[in-house]
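Chemist: Here's the letter readout for the chains.
4 protein chains.
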Amino acid sequence: MNTFGKIFRLTSFGESHGRGIGGIIDGCPAGLDLDIDLIQKDLARRKPGQSKITTQRKEADQVEFLSGVFEGKTQGTPIAFAIWNKDQHSKDYNDLKDVYRPSHADYTYTKKYGTRDHRGGGRSSARETIARVVAGAIAKQILASRGISIQAFVSQVGEIQLKKSYTEIDLSKTDDNIVRCPDPETAEKMITRIEAAAKDRDTVGGVITGVAKGVPAGWGEPVFNKLHADLGFAMLGINAVKGFEYGSGFEGTKLSGSQHNDVFIKTSDGVRTKTNNSGGIQGGISNGEDVYFRVAFKPIATLLKEQKTVDKSNNEITINPKGRHDPCVLPRAVPIVEAMAAMVLADHFLLSKLNTI
Amino acid sequence: MNTFGKIFRLTSFGESHGRGIGGIIDGCPAGLDLDIDLIQKDLARRKPGQSKITTQRKEADQVEFLSGVFEGKTQGTPIAFAIWNKDQHSKDYNDLKDVYRPSHADYTYTKKYGTRDHRGGGRSSARETIARVVAGAIAKQILASRGISIQAFVSQVGEIQLKKSYTEIDLSKTDDNIVRCPDPETAEKMITRIEAAAKDRDTVGGVITGVAKGVPAGWGEPVFNKLHADLGFAMLGINAVKGFEYGSGFEGTKLSGSQHNDVFIKTSDGVRTKTNNSGGIQGGISNGEDVYFRVAFKPIATLLKEQKTVDKSNNEITINPKGRHDPCVLPRAVPIVEAMAAMVLADHFLLSKLNTI
Amino acid sequence: MNTFGKIFRLTSFGESHGRGIGGIIDGCPAGLDLDIDLIQKDLARRKPGQSKITTQRKEADQVEFLSGVFEGKTQGTPIAFAIWNKDQHSKDYNDLKDVYRPSHADYTYTKKYGTRDHRGGGRSSARETIARVVAGAIAKQILASRGISIQAFVSQVGEIQLKKSYTEIDLSKTDDNIVRCPDPETAEKMITRIEAAAKDRDTVGGVITGVAKGVPAGWGEPVFNKLHADLGFAMLGINAVKGFEYGSGFEGTKLSGSQHNDVFIKTSDGVRTKTNNSGGIQGGISNGEDVYFRVAFKPIATLLKEQKTVDKSNNEITINPKGRHDPCVLPRAVPIVEAMAAMVLADHFLLSKLNTI
Amino acid sequence: MNTFGKIFRLTSFGESHGRGIGGIIDGCPAGLDLDIDLIQKDLARRKPGQSKITTQRKEADQVEFLSGVFEGKTQGTPIAFAIWNKDQHSKDYNDLKDVYRPSHADYTYTKKYGTRDHRGGGRSSARETIARVVAGAIAKQILASRGISIQAFVSQVGEIQLKKSYTEIDLSKTDDNIVRCPDPETAEKMITRIEAAAKDRDTVGGVITGVAKGVPAGWGEPVFNKLHADLGFAMLGINAVKGFEYGSGFEGTKLSGSQHNDVFIKTSDGVRTKTNNSGGIQGGISNGEDVYFRVAFKPIATLLKEQKTVDKSNNEITINPKGRHDPCVLPRAVPIVEAMAAMVLADHFLLSKLNTI
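Protein chains in written order, with the working numbering: chain A, 22 to 378; chain B, 22 to 378; chain C, 22 to 378; chain D, 22 to 378.
It is possible that part of the hints are untrue.
Treat identical chains as interchangeable: a pair holds within one or across any two.
[What the hints assert, rightly or not] The calculated lysine-lysine pairs, modelled on BS3-like cross-linking and capped at a C-alpha distance of 27 Å, are:
#, residue 1, residue 2
1, K374, K27
2, K329, K79
3, K374, K234
4, K326, K79
5, K94, K295
6, K374, K94
7, K333, K295
8, K295, K118
9, K374, K329
10, K73, K210
11, K333, K184
12, K107, K185
13, K287, K210
14, K333, K185
15, K27, K73
16, K287, K220
Treat the hints as calculated values from the structure; they're not laboratory data.
If we strip away everything but chain A, and leave its shape as in the complex, we get:
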């Protein structure tokens, strides 16, 4: 249940305050020249303390490869890796040992397992997503070898929305600002919004948009493992995610079929569609157009303000957490969204080798 993927499979391990976070990637083909810098770069985009609008915890988040890579090349054998924990303040959590923090996993984990590593959220901590960023950064390199790129960006923070379509924006500017919204004007407003939340010791949610360019027609499986179903599953597995839509999404439900259908046209490139309400996927299979989707993140649950709750013995109590926390998870979640999308697409690239005799 801690494995993601069908052919390119990540099994992740680790708790927030344990020895470290890591994983094993099984099914990565042999012969890929790994660029470790690119992996480390995505880790830096995810890591805490990277800007004034993220938590100020300092973590090096340096990946160490334990197997499967030899002389810089993948060997076809399992790629194990770890990011050792360093800056853990486990004692900060002693008071929370028996507390069920509101909208956290404390209560549900206890009900499920009868036991729980309470330090820093244990296994339920978003620190686990480090493993996904590493595996995703490798998947990106597989895709890049096929001319496919993935780019995510923050398109909403609280009520602040990026109004333009991704097709009207230069996505290469995403990392030019600390909130990772490629439109500088909107980015500014988003940063102000996050700073207001932080000042208020509160948090704020938002939306990340993801775009994959260069996906060839024919990827995805017809029935259950539709390309968008696998993408949705991947995104909904990220901490704090509450919704997923692709192409026209929830808005498209209001259209008529005649407005919504993407007419096929003849081009010098072959068959294309005039519009892309389909989000690049028809019948669950890519059609060669851009694949794009939106991911909803709730405001994270850890507030640095007083809240009422109950504890393990069903006593009503008041908590007032201290520590270093993110007022808004979205800027740091951009590489996670990209990583999950990359793993899904790399998986379908590999699966597509099996389509025909």
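Dock chains B, C and D against chain A, hints included.
Modeler: Okay, now just chains B, C and D, sitting in the frame of chain A:
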């Protein structure tokens, strides 16, 4: 890739105009007294020709069990079943043999497999969902034995939205009208909207809401197979679905954490939450509150009006489909949403047996 | 748990006296021209009543394809099929309803599931292997398209052993006699031995040898899914099988390393080995030499003579089964061994597409 | 492909001369009090340098747990662990970089992956089995909590065979001598035989017998995942294994059904069998009797004497390996056989929770 589920697994088969649609359920525990009438009842809710706002095709959609059930009881062995095709008009599709219908899977299947059964959409036809309704109806019976019920209903058709929360409505009235919206007034408007689409030889999309009551705390897996990730995956695998959200969903992204958090309270029943923005799921694991979610359906692609497109040889052509088609898929999709949710929950019920030593 | 294979996957269904036996093959690539006659031919090699040394039950064992094949070609979609039961004498088994027949699955099924379809052994009947023969016959066609052939033959019946190595025999003569031993002289003795057992209302076991020619170097997985581990798993899943060995097998354990090692030599064909104690597999991966192995079958448990046993209520009783049974399962098991080997090899052929980037 | 098990799943990683060997165990239930000493004890039974008849390499083989265990208890979350490599002499292998050693995996890995970590056999090294011993030692603790024990022992070395049945021997004496044969007299002969092989710079094979006591009736799956098929798959995945048989095995093929059948009898304990040719498994499911089986190991391929072979460029060459190697793998393989059996049985224990509603 045609198997759904981890423990309770459905492998489905069949094409729209082939011998039939069916599947094998593997992993259904032994000793369940199967109520075949309940299964047939859900098939009747899905079947075409059931009302004036659905396609007028007549299909009996009678399930035949081929194995795994003996003297009315599941045996623990694979439950195979089939619904034989009967009212297929395969010749209606001869003209479409080489055509790529807009927003259909014709083009993408051809790109994937190099070959395609064009009759009635072949494997990409929503007729395949019959298999899911059968398996889901069995999953419902497993859940019922644990006091869990699942109810879906149409909460939006085109721009017509049900304004009330599900908690304010009597969900048992869902099947009292042909559109399957439990609020009679809204139902009326929805029916009118669908009839307008039909008259216009067009189609219309919408939203289905699903609610599971009685799910105990502790179901779901912590990382990738979060309960809502599995639900989302299930829903996104249904034909025409474009989005999924649970609990506060996309709207919740606009809230502050202090508004969004569900405060735990002490009750005579044990720990409960004051609000349910979490949709009954925290950290991917059920917390004992209602699990609820929304599923976006695009307007279906088959229009009975002229549309431009291209064919297999990249010729620009005009099509004008005939036949019997649904102007709106939502009323018939209600049992499919329930079926998929039931399979996910039955799976997590079984998985929950493995949590502790 | 009723699915076999990783990429090319058979999920089988059916009980001995139910509606029929069948399965779904998922993961068969699109574009294979299916030769149904070849499938039916293997079914004929497995079917009862084919000669004087098999059971005299008459079953047509005609396969019907329900999906996944269109205009003679595989579609990449699930291939469902069934062989409908016809000549079942369910009443023959009424007396055995509560009886635990010695060395049968009656007792263990009851302990596992709490319920049991007692008619003809239910799911534990070797009639289930029909599904494997169909899937295996398709796998053989995939392999044939790559120049790979699989041939099994009876190499031992009771104490009668074929003394020659398979390399000294013309395997194409296997089906020239009813016992399926390619050496006519040994075949004669085996037939006599089986007739003696039948006359004595008893049964006799034996060994089947399998050989795959043309397997290229590089198939198999390094650690758990070694090519021979997958073959062994496949064979041990056949009813009545008690052992599996490949290459030098149990005999090889008596040799020194210097005697056992297969020296590599340089040939015009590239690297070959001088001897083949490795059975064509080194480190779990094929090396281009013949893959060969031996499968031990116990004497089947159904005797037409009096035996003491107990029943469900722990009463000591005596049974004296009637009916039509095989004195020796081996001649009919030859196509089953081939089928399982073919599925394993087809799976590894498909997996081998994923080795390198 | 580097994952073993269905519910209790080990994914292993590591190469002989890489950073270390380890794995992730997913699916281990929460709440098990882990006895680390017992794990370390099995590692000591596997480790090199433990006696005069094993390789003289010194490796500490100390396990470090990286996740999933908190305050001595399993958490239900993935248990990651590593054994860091220390005493690697990678330079010993420089000369072998391009050489295909006879009956090793050098050639087949190169054909499969196009690349290979040649140092110490890389991934194909039996050093990988450390991961299995750790996971198996945890599985043993799960089983012990259910009163089940597993004991393996060396029953043959070269032509020296233990003549007695395991039922006539005190298995608790297995570890009393360095060859791990519970019969002191036979053990003596085996040690002499191994010393002779070592002196001759050669190697010798043999057989390990495994016995599981206390397995309740009802474990195993009816068709493909028969309990013995899973055991056979597990054993055949161990380096150097060439064959597997259970119960009466290959010898049983020579018996008549009337000799072979295990008659059920009535006892104060309930239903038992008079004999146990079935090896505790009938129809693939345990019947409550002892489960026992035999595993054939070839003489290992690394000889410290001159051998002819070819290299990557198809040149004929002569090699004369140096280094520290085992003349006989069997004494060190005893805990590996136990570990694999324990994982299979723990898996079926967990699966058995899913049999009935």
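Chemist: Identify every previously stated hint that the structure contradicts and give their numbers, smallest first.
Modeler: Of the numbered hints given earlier, those the structure breaks are 2, 5, 9, 11, 12, 13, 14, 15, 16, listed in rising order.
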